[in-house]
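Read off the chains here:
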Amino acid sequence: MIGTWNLVRLALRRDRIILPVWIIAIVGITLSTATALEELYPVGQARQQLSLTANTNPAFLAMLGPLRDAHTLGGLLAWRWGLLAALAAGVMSMLLVTRHTRAEEEAGRLELIGSTVVGRHAPLAAAVLTAFGANVLIGGLIVALLLGKGLPAEGAIAFASSITVTGWAFTAVSAFTAQLSENSRTANSMAGAVVAGTYLVRAAGDSAGDSGPTWLTWLSPLGWAEQVHAFAGDRYWVFALPLALVVVLLTTSAVIVTKRDVGLGLLPTRLGSARGAPSLRSPFGLAWRLQRGSLIGWTAGLFLLGVVYGSIAQAVGDMVNDNPLMKKVISAIGGSGGLIDIYLATIFGMIGMISSIYLVQATLRLRSEETSFRAEPLLATPVSRPAWVASHFLFAIVGGALVLGAAGLGVGLTHGLREGDVGGILPRMLGAALAQLPAAWVVAGIALVLFGLFPQLTGVTWGVLGACLVLTMFGPVMKLPQLLMDLSPFTHLPKLPGATWTAEPLLWLVGAALVLVAAGFAGFRRRDLTT
Amino acid sequence: MTYAISVSDLVKTFGPTRALDGLDLTVRTGEVHGFLGPNGAGKSTTIRVLLGLLRADSGTARLLDGDPWRDTAALHRRLAYVPGDVNLWPNLTGGEVIDLLGRLRGGLNEKRRADLLERFELDPRKKGRTYSKGNRQKVAVVAALSSDVELLVLDEPTSGLDPLMEAVFQECINEERERGRTVLLSSHILAEVEALCDRVSIIRTGKIVETGTMAELRHLTRTSIAAELASPPNGIANLPGVHDLKAEGNRVRFEVDSDKLDAVLKQLVDSGVRTLTSQPPTLEELFLRHYEDAK
Numbered sequence: 001m002i003g004t005w006n007l008v009r010l011a012l013r014r015d016r017i018i019l020p021v022w023i024i025a026i027v028g029i030t031l032s033t034a035t036a037l038e039e040l041y042p043v044g045q046a047r048q049q050l051s052l053t054a055n056t057n058p059a060f061l062a063m064l065g066p067l068r069d070a071h072t073l074g075g076l077l078a079w080r081w082g083l084l085a086a087l088a089a090g091v092m093s094m095l096l097v098t099r100h101t102r103a104e105e106e107a108g109r110l111e112l113i114g115s116t117v118v119g120r121h122a123p124l125a126a127a128v129l130t131a132f133g134a135n136v137l138i139g140g141l142i143v144a145l146l147l148g149k150g151l152p153a154e155g156a157i158a159f160a161s162s163i164t165v166t167g168w169a170f171t172a173v174s175a176f177t178a179q180l181s182e183n184s185r186t187a188n189s190m191a192g193a194v195v196a197g198t199y200l201v202r203a204a205g206d207s208a209g210d211s212g213p214t215w216l217t218w219l220s221p222l223g224w225a226e227q228v229h230a231f232a233g234d235r236y237w238v239f240a241l242p243l244a245l246v247v248v249l250l251t252t253s254a255v256i257v258t259k260r261d262v263g264l265g266l267l268p269t270r271l272g273s274a275r276g277a278p279s280l281r282s283p284f285g286l287a288w289r290l291q292r293g294s295l296i297g298w299t300a301g302l303f304l305l306g307v308v309y310g311s312i313a314q315a316v317g318d319m320v321n322d323n324p325l326m327k328k329v330i331s332a333i334g335g336s337g338g339l340i341d342i343y344l345a346t347i348f349g350m351i352g353m354i355s356s357i358y359l360v361q362a363t364l365r366l367r368s369e370e371t372s373f374r375a376e377p378l379l380a381t382p383v384s385r386p387a388w389v390a391s392h393f394l395f396a397i398v399g400g401a402l403v404l405g406a407a408g409l410g411v412g413l414t415h416g417l418r419e420g421d422v423g424g425i426l427p428r429m430l431g432a433a434l435a436q437l438p439a440a441w442v443v444a445g446i447a448l449v450l451f452g453l454f455p456q457l458t459g460v461t462w463g464v465l466g467a468c469l470v471l472t473m474f475g476p477v478m479k480l481p482q483l484l485m486d487l488s489p490f491t492h493l494p495k496l497p498g499a500t501w502t503a504e505p506l507l508w509l510v511g512a513a514l515v516l517v518a519a520g521f522a523g524f525r526r527r528d529l530t531t
Numbered sequence: 001m002t003y004a005i006s007v008s009d010l011v012k013t014f015g016p017t018r019a020l021d022g023l024d025l026t027v028r029t030g031e032v033h034g035f036l037g038p039n040g041a042g043k044s045t046t047i048r049v050l051l052g053l054l055r056a057d058s059g060t061a062r063l064l065d066g067d068p069w070r071d072t073a074a075l076h077r078r079l080a081y082v083p084g085d086v087n088l089w090p091n092l093t094g095g096e097v098i099d100l101l102g103r104l105r106g107g108l109n110e111k112r113r114a115d116l117l118e119r120f121e122l123d124p125r126k127k128g129r130t131y132s133k134g135n136r137q138k139v140a141v142v143a144a145l146s147s148d149v150e151l152l153v154l155d156e157p158t159s160g161l162d163p164l165m166e167a168v169f170q171e172c173i174n175e176e177r178e179r180g181r182t183v184l185l186s187s188h189i190l191a192e193v194e195a196l197c198d199r200v201s202i203i204r205t206g207k208i209v210e211t212g213t214m215a216e217l218r219h220l221t222r223t224s225i226a227a228e229l230a231s232p233p234n235g236i237a238n239l240p241g242v243h244d245l246k247a248e249g250n251r252v253r254f255e256v257d258s259d260k261l262d263a264v265l266k267q268l269v270d271s272g273v274r275t276l277t278s279q280p281p282t283l284e285e286l287f288l289r290h291y292e293d294a295k
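Here the protein sequences come in this chain order: A and B.
Under full-length UniProt numbering, the letters of the first sequence match residues 1 to 531, in that order.
Under full-length UniProt numbering, the letters of the second sequence match residues 1 to 295, in that order.
Note that these hints are calculated values from the structure, not bench results.
Any given hint might turn out to be false.
As the list claims (entries may be wrong) - Computed list of chain A residues with no C-beta within reach of chain B, every gap over 12 Å: (1) Q48; (2) L141; (3) G293; (4) G297; (5) Q482; (6) L529.
Unchecked claim - So, partial list: chain B residues that the calculated Cβ filter (under 10 Å) puts toward chain A: (7) A74; (8) L101; (9) R105; (10) G106.
Using N, Cα and C, we set each Cβ at its ideal position, and we do this for glycine too.
Start from the sequences and build out the full structure, keeping to the hints where you can.
This is the structure in structure tokens:
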């Protein structure tokens with residue numbers, strides 16, 4: 001263990017940006033959620049209503065777990081944010097541990113460190129201690145904030161500890177998965193699968209109903225975080241479960257470290273195919289290999305998101321109806337029409353922007369292929385520059401439609417089933433989702449123009465997307481001037497499914513996207529490849 | 001005489017730096033041409049201009065009788081390229097990359113593919129992220145050599161290979177020469193160029209400073225002589241072309257310009273030669289002199 005503290009210092013130095021961002025985000029959202037809940041649900045009937053909806057609608061139960069005490073702000077906070085905060089702490093810990101253990105080992109940097117005066121267990125111990133410390137800091141800050149808001153100490157400590165200890169549990173999980181594979185991406189995927197699995201297992205348990213398998217919740221570290229019942233009983237004994245898991249996993253990992261060689265994992269690496277598949281013969285064949293995983297993931301993810309939103313649409317409509325403040329916020333963004341349609345229009349607006357992340361990511365793949373020098377050998381073959389650009393950009397254009405369509409399908413199916421009118425609702429929802437496409441294409445066009453003309457500035461696209469989000473989502477609430485809000489392509493979309501359908505703004509957006517794309521292609525034909 | 005590559009007065013700037021500063025280069029069809037220079041001299045930039053990846057600011061470049069910037073795709077059908085820094089896609093296997101690049105060039109020779117994989121001892125089933133630098137280079141070399149093309153453009157292809165594999169590589173290049181292919185081989189490994197190349201061009205800070213066959217370039221170089229004479233040497237130090245003379249009793253050690261060798265040897269014979277060793281100039285010495293003189 002010699003050298004552990006030096007390695008902790010190294011980890012903190014390397015994470016000096018990313019770690020504070022995680023900590024501030026988790027603590028900041030805790031504070032803003034508490035403040036928002038205070039305003040949205042003043043004491044009384046609104047809370048009763050919320051409690052009823054939250055504890056009967058299976059989609060709400062699956063997403064957030066049960067609402068155990070709607071009468072106190074602490075109880076509301078624990079319901080709305082407790083589980084998600086624990087999840088966030090888990091993801092943060094997982095990425096941190098893999099980054100400082102397996103990724104370092106894979107890159108060969110650990111070998112360099114291992115040749116100095118550093119104990120065999122020091123790198124793992126340093127990563128685990130850093131993650132533990134980050135989670136303690138999150139917990140401590142949350143306790144301080146909640147005490148400042150006047151919440152009871154016992155509940156605040158139970159709430160914060162449920163986040164910290166869940167973070168510890170996933171620290172231990174990824175310390176273990178880091179021993180298994182020699183590849184850091186595989187290690188992260190395994191730990192990520194565990195995180196997602198524990199979320200889903202407890203979702204099944206929470207939404208099972210009284211006669212169903214509610215015990216499933218007890219199989220999941222995230223379920224344990226809920227079972228602490230922060231601000232509603234504060235059952236501290238539940239912490240014994242995650243702490244026991246931590247001890248078992250860390251001991252096992254420490255034993256594996258002494259048995260395995262540096263650079264190798266417990267699982268053997270799998271060999272791939274010695275020959276290229278017949279489809280691997282064109283730039284598009286390669287782009288498909290490189291982008292299909294992301295496309296499938298995004299399509300499935302947006303479909304699930306659609307399912308979640310679709311299944312709560314009806315209940316939310318009722319809930320908004322009961323809450324005048326929320327009604328005001330929603331109709332400012334979603335326009336006029338039936339309350340459920342307004343809610344859905346807001347959701348599709350959000351889905352449009354989330355999907356734009358995919359379109360930008362798919363487009364900027366061009367840039368990362370270029371800067372990692374993987375475009376160079378391709379462009380030294382008969383593949384022309386436009387063909388290569390098109391091979392990736394196709395994923396933004398067509399893949400974007402697929403991702404949005406999947407979201408529309410998810411909403412349409414679930415909302416349609418609840419309303420008993422799939423045939424009528426599904427096409428409307430698909431249409432509302434796909435109506436977002438022209439705006440998303442404009443954003444992808446901006447990414448392509450930057451790539452073609454100002455390749456060093458491609459990162460600016462993310463800033464543009466962020467600005468569009470602020471302008472369109474918060475512009476109406478912040479009462480920004482219309483001229484400013486018009487800068488965002490999303491502002492011009494008809495607020496479907498409630499509003500009347502107009503093709504004109506969509507055509508303008510498609511036209512703008514075409515101009516941007518043409519400029520991007522032309523620019524890339526003329527410029528030097530980055531070398 | 002036909003030229004596979006002819007470049008004249010090529011200029012390429014990156015902001016304030018002049019990467020290519022009036023470069024002239026000719027590669028004859030069917031020859032293995034060494035392109036020698038230290039890192040940062042402009043070798044890769046020249047190659048990238050020839051491949052149409054960079055656009056020259058001025059000057060002319062002809063490649064296989066085409067314009068490398070305008071006729072890119074048509075020209076690329078007839079050449080194969082191994083970049084200096086081979087980066088593979090992390091989740092594609094070496095075999096997949098070889099097949100992809102070969103098919104994009106219009107098909108590869110299956111027999112040669114299998115043969116090269118065996119000679120380079122490369123496992124094509126491993127994923128790109130698990131290959132070492134040398135193995136990544138082997139992937140690109142196998143892909144290039146198993147394509148049926150007229151011109152091979154190789155940018156420091158052996159910088160990650162061990163000596164055994166370098167010997168295999170040299171064998172392969174000699175076979176390519178016999179097949180009548182043209183090879184442009186950039187390198188800063190002097191022994192490699194010396195062993196392989198018909199002609200050599202030496203580049204320094206964006207300009208070709210010397211070009212010719214190995215024999216022609218040797219005229220510019222010095223031979224090292226060590227001799228034991230019957231009597232103390234006299235007069236040698238004053239002969240033209242003699243450098244770094246060290247005399248100790250009857251022993252003498254010096255360097256002489258290769259074209260002044262005749263007169264110096266006569267003088268040695270007059271003193272009575274007991275033992276004599278002479279070493280031909282290596283490309284290394286030639287290379288070092290060029291850069292020292294320029295400093």
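Status of the hints after comparison with the structure:
1. Q48: At about 53 Å from chain B, A/Q48 clears the 12 Å cut-off, so the statement holds.
2. L141: A/L141 clear of chain B: closest Cβ-Cβ about 37 Å, beyond 12 Å.
3. G293: violated, 8 Å
4. G297: holds, 14 Å
5. Q482: At about 43 Å from chain B, A/Q482 clears the 12 Å cut-off, so the statement holds.
6. L529: violated, 4 Å
7. A74: holds, 7 Å
8. L101: Given a least distance of 6 Å, the restraint on B/L101 holds.
9. R105: holds, 5 Å
10. G106: holds, 7 Å
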